[in-house]
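Throw the hints in and build the complete structure from the sequences for me.
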Amino acid sequence: MSHQTAKALSDVVPGHQGPFSAVVVKFADALYNLSVQKKPVLPQNSEVARQHICAYLAAEKYHERLDMTTPSLNMIPVPPKVAMRVIDEFRNSLMGELSTPSSSPASTPRGKRTINVGSGGSPANGSPSGVSTSASGSPRRLGSATPHKSSPLKRLRETAQDQDGEFESSKRTQKNLRDVDSPFNPKTKDIPPSGRDSESPTPPILDDAAYKAQYRSEKRQMSLVEFVSMCNHFYIPADITAQMLQTFVGQRHRFAKKSEWLLACGMVHAAYVRINHRLLRSKMGARSLFQNQLFQYQVGGLARWNMLLWCNIVDNTLKDEPWINTIENTYVYNNSTTERAVRLREVEAKNGLNGQLMARFGAMIDASDMSYSSQQDEYYNRWTARAKQMVGVEAGNTK
Numbered sequence: 020m021s022h023q024t025a026k027a028l029s030d031v032v033p034g035h036q037g038p039f040s041a042v043v044v045k046f047a048d049a050l051y052n053l054s055v056q057k058k059p060v061l062p063q064n065s066e067v068a069r070q071h072i073c074a075y076l077a078a079e080k081y082h083e084r085l086d087m088t089t090p091s092l093n094m095i096p097v098p099p100k101v102a103m104r105v106i107d108e109f110r111n112s113l114m115g116e117l118s119t120p121s122s123s124p125a126s127t128p129r130g131k132r133t134i135n136v137g138s139g140g141s142p143a144n145g146s147p148s149g150v151s152t153s154a155s156g157s158p159r160r161l162g163s164a165t166p167h168k169s170s171p172l173k174r175l176r177e178t179a180q181d182q183d184g185e186f187e188s189s190k191r192t193q194k195n196l197r198d199v200d201s202p203f204n205p206k207t208k209d210i211p212p213s214g215r216d217s218e219s220p221t222p223p224i225l226d227d228a229a230y231k232a233q234y235r236s237e238k239r240q241m242s243l244v245e246f247v248s249m250c251n252h253f254y255i256p257a258d259i260t261a262q263m264l265q266t267f268v269g270q271r272h273r274f275a276k277k278s279e280w281l282l283a284c285g286m287v288h289a290a291y292v293r294i295n296h297r298l299l300r301s302k303m304g305a306r307s308l309f310q311n312q313l314f315q316y317q318v319g320g321l322a323r324w325n326m327l328l329w330c331n332i333v334d335n336t337l338k339d340e341p342w343i344n345t346i347e348n349t350y351v352y353n354n355s356t357t358e359r360a361v362r363l364r365e366v367e368a369k370n371g372l373n374g375q376l377m378a379r380f381g382a383m384i385d386a387s388d389m390s391y392s393s394q395q396d397e398y399y400n401r402w403t404a405r406a407k408q409m410v411g412v413e414a415g416n417t418k
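Throughout the sequence shown, residue numbering follows the numbering used here, covering 20 to 418 in sequence.
Here are the in silico distance ranges between beta carbons for each label pair:
| id | residue 1 | residue 2 | range |
| --- | --- | --- | --- |
| 1 | 244 | 344 | 19 to 29 Å |
| 2 | 301 | 253 | 11 to 21 Å |
| 3 | 410 | 311 | 56 to 66 Å |
| 4 | 331 | 407 | 46 to 56 Å |
| 5 | 253 | 381 | 19 to 29 Å |
Below are the DSSO-like pairs computed for lysine-lysine, each with C-alpha atoms no more than 27 Å apart in a straight line:
| id | residue 1 | residue 2 |
| --- | --- | --- |
| 6 | 407 | 369 |
| 7 | 338 | 302 |
| 8 | 45 | 58 |
| 9 | 100 | 276 |
| 10 | 26 | 100 |
| 11 | 57 | 45 |
| 12 | 26 | 57 |
| 13 | 58 | 26 |
| 14 | 100 | 277 |
Just so you know, the hints here were simulated from the structure itself, not pulled from any lab data.
Note that the coordinates shown come from a computational prediction; the quantities given were computed from them, not determined experimentally.
Note that CB positions come from ideal geometry on N, CA and C, so glycine has one too.
Below, the structure is given as structure tokens:
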């Protein structure tokens, strides 16, 4: 288990040099055993990341004290959103139990009969020395206790307390001599402590603002490169992307207190549903699939329902933008200009069907290599017909 824990720690703490401290490894092992008992089933198939999540929490607890690198979620073998959900659950349910009192609950008192011991050191009733009789009449030896196996929670608490005590003792420069058990230093009456050195350290509890500032996985700001990459990921045409970029720069200040990813997702959603409206209407579940892909692509920490709500708001707000009208005229109403349509047909006849797409994928065969293909013949016949019409010669009456 220690080898697996060390491997998980090396994944979640990038750039760490040398072996990890035994304090962190021991705490991660104890937390792993407790999570197996308390949380045997993890949501969304995140069982493969249990070791990494426990290592992340251990590194999160001790990275400041041991001067370690801040733990990262990149190498945890589940999506970051799922990992953060499980980490929050472990932090609230497992790490939160460390702050509870470690004393065991009072047990129900059992009837016990004390045996008087005579002057010779033997019991008065003749029973052997050091043996007491319980209420049921069965003999029981004094000073012996029934061995019991400690629970993972108790071991985790003991580990945390021992390790915190080691850190506290290393920070102290003076030693309180009245706490030393020695015949030459008799204990005096306990004096209430006056400083925090005598108090047991508690795990640091961060408020929501500090937690989000230190461990949040979302990004409120969105760069222009990320916006262009998002448009290219969903196959938005380049000319439309340029116009969308101008709108994004002009409207991003409205989302300074929220997240610029809301505006970006809304604009990409508005463009995609218009460009691919036939596909979304004809194929069942296509719209839901696109929305899921859009939700998985964004890294702004948005909730799915909130993202879809703002998609509708952005769509209604920007429906009069020029690039929206261009998309509707081109892809929805098929009302593109005649010159553009003729140019597209000429390019398609010259390069063949999906010729530009094949060239984009790196195809090494272009129009010059397809001189005997049917597409090239069709292009030649169309070109000769238009040339004869322009010079006033009827097709088929060539001399």
